[in-house]
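Engineer: The chain contents come next:
2 protein chains.
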Amino acid sequence: RSLVRMGNELRCQCISTHSKFIHPKSIQDVKLTQSGPHCKNVEIIATLKDNREVCLDPTAPWVQLIVKAILAKAQLNSDSPL
Amino acid sequence: RSLVRMGNELRCQCISTHSKFIHPKSIQDVKLTQSGPHCKNVEIIATLKDNREVCLDPTAPWVQLIVKAILAKAQLNSDSPL
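Protein chains in written order, with the numbering used here: chain A, 32 to 113; chain B, 32 to 113.
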């Protein structure tokens, strides 16, 4: 769960990942960081509603499901954001 | 494309969205913010490799595809992040 906060993330941001289920209701946002020279893994970091940041296991089915659910909900966005 | 940066995002972060295609290679990460009392739309904000932040149109097919591609790649993560 520990998160290494480097300036502009010149390396992996997650040392370990939280594999236990977190209810989507407590998740404010999820950030997917592409793999690259700085880190060979895709990283998924959730910001919880209490502002804690948690590294999620990108290979865990429930993590994939939560991101897909948010993405699917995005498709139903009304045109005006306000 | 303009982004309203409020403290802890008490309202929508995106006033408008960038609908023109952005090549995945120039995208460092994408952040999906759940809709909620603060904003009735799901918001997708990309951080580009030049550190610019761009609000993406969550309903645009190419945006959905890019997020799904990153997610799919995440499933191939090797177990050790380093």
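Since the hints were derived computationally from the structure, they do not count as laboratory data.
Note that this is a predicted model, so its numbers are computed, not measured.
Every residue, glycine too, gets a C-beta built ideally from N, C-alpha and C.
Any given hint could turn out to be false.
Listed next, the in silico DSS-like pairs over lysine-lysine satisfying Cα-Cα at most 27 Å (straight line) [to be verified]:
{"hint": "1", "chain 1": "B", "residue 1": "LYS71", "chain 2": "A", "residue 2": "LYS62"}
{"hint": "2", "chain 1": "B", "residue 1": "LYS62", "chain 2": "A", "residue 2": "LYS71"}
{"hint": "3", "chain 1": "B", "residue 1": "LYS71", "chain 2": "A", "residue 2": "LYS71"}
{"hint": "4", "chain 1": "A", "residue 1": "LYS51", "chain 2": "A", "residue 2": "LYS80"}
Pair ranges (Cβ atoms, derived) [said to hold, decoys possible]:
{"hint": "5", "chain 1": "B", "residue 1": "HIS49", "chain 2": "A", "residue 2": "LEU107", "range": "16 to 26 Å"}
{"hint": "6", "chain 1": "B", "residue 1": "ILE53", "chain 2": "A", "residue 2": "PHE52", "range": "12 to 22 Å"}
{"hint": "7", "chain 1": "A", "residue 1": "LYS51", "chain 2": "B", "residue 2": "SER47", "range": "33 to 43 Å"}
{"hint": "8", "chain 1": "B", "residue 1": "HIS54", "chain 2": "A", "residue 2": "HIS49", "range": "14 to 24 Å"}
Residues of chain A clear of chain B, computed beta-carbon distances all greater than 10 Å [as the list claims (entries may be wrong)]:
{"hint": "9", "residue": "PHE52"}
{"hint": "10", "residue": "LYS62"}
{"hint": "11", "residue": "VAL85"}
{"hint": "12", "residue": "TRP93"}
{"hint": "13", "residue": "GLN95"}
{"hint": "14", "residue": "LYS99"}
{"hint": "15", "residue": "ILE101"}
Engineer: Hints first: check each against the structure and report whether it holds.
Structural biologist: Going through the hints against the structure:
1. B:LYS71 with A:LYS62: 19 Å, holds
2. B:LYS62 with A:LYS71: Distance ~19 Å between B:LYS62 and A:LYS71 Cα, so the pair holds.
3. B:LYS71 with A:LYS71: 35 Å, violated
4. A:LYS51 with A:LYS80: 17 Å, holds
5. B:HIS49 with A:LEU107: 16 to 26 Å: Given about 20 Å between the Cβ atoms, the range holds.
6. B:ILE53 with A:PHE52: 12 to 22 Å: 33 Å, violated
7. A:LYS51 with B:SER47: 33 to 43 Å: 38 Å, holds
8. B:HIS54 with A:HIS49: 14 to 24 Å: With a Cβ separation near 31 Å, B:HIS54 and A:HIS49 fall outside 14 to 24 Å, so the hint is violated.
9. PHE52: Label holds. Min Cβ-Cβ 16 Å, cutoff 10 Å.
10. LYS62: 4 Å, violated
11. VAL85: At roughly 14 Å from the nearest Cβ of chain B, A:VAL85 sits farther out than 10 Å, so the non-interface label holds.
12. TRP93: Non-interface label on A:TRP93 holds, nearest chain B Cβ at 13 Å vs cutoff 10 Å.
13. GLN95: 6 Å, violated
14. LYS99: Violated, because the least Cβ-Cβ distance between A:LYS99 and chain B comes to about 7 Å, which does not exceed 10 Å.
15. ILE101: 5 Å, violated
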